[in-house]
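Given only the sequences and the hints, what does the whole structure look like? Please build it.
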Amino acid sequence: MTGPTATFGFRDVDAREKAGLVRGVFDRVARRYDLMNDLMSGGVHRLWKDAVAARLNPQPGETILDVAGGTGDMARRFAKMARRVQERRGGDDAQVVVIDYNAEMIAAGRERGFEPEIVWAVGDAQRLPVPDRTADAYVISFGIRNVTDIPAALREARRVLKPGGRFLCLEFSHPTTEALRKAYDAYSFKVIPEIGARVAGDRESYQYLVESIRRFPDQKRFAGMISEAGFSQVGFTNFTAGVAALHTGRAI
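Quick note: the sequence shown uses the working numbering, first residue -11, plus one each step.
No wet-lab data here; the hints were simulated from the structure.
Given the structure is predicted, the values throughout are model-derived calculations rather than measurements.
Think of the CB as a built atom: it goes at the ideal place given N, C-alpha and C, for glycine as much as any other residue.
Among the clues, some could well be false.
Claimed, not checked - Computed list of lysine-lysine pairs in DSS-like fashion (alpha-carbon distance at most 30 Å, straight line):
hint	residue 1	residue 2
1	150	208
2	68	150
3	208	170
4	178	208
What the hints assert, rightly or not - Per label pair, the in silico range of CB-to-CB distance:
hint	residue 1	residue 2	range
5	11	205	21 to 27 Å
6	117	72	47 to 53 Å
7	76	238	23 to 29 Å
Below you can see the structure in the form of structure tokens.
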């Protein structure tokens, strides 16, 4: 293999091929994506997402980018929270822009109905269709590990945020104890692909998702990447002893 490479599960592939391979995975899983998340996590992913929304604290009049926003489950949280604040103290409508590389995921989200604050768009996290310094907040949930060039996506997040804008990234991470790591590995590699095969009829896609989590940088290394992209006040909060982590920062 010549030229730049990128990770695709446990494989290294030509960087030019990764986007198409990932798009194929999410084309296949789009219609049952949210159901599978519930089954794979026992519903715990909803608690993690609620915690992210609470940390974001959406406000009326803000522009919030929900990148790799898929079917819009995070965007709906943000829209409803901003509307509740608006009902108490007024202000302009928030705008929550769902941007996802996969048109099938966007279509699945739109079929679930519309919140008036939400705008849907197909777009690449590495080349967002958004002007410089226009967003109050940038959120990406379980999507950053699927981009071809993670540092490029982080720099793009920095580009679109206003000075002082909030960056939040929820991603699967690395458990903090050896016992949990062993149990998590056993569950991930034996159970999750089997659930994918039986419920979604697609073992291969869920095998990729499990492998992609293992290739993702650990908490401290990823925090360093966020700092290198130009963010300040960088930190992270572990969820479920590091099975997932919320990474945060502020645009300088």
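Which hint numbers does the structure go against, in order from smallest to largest? 6
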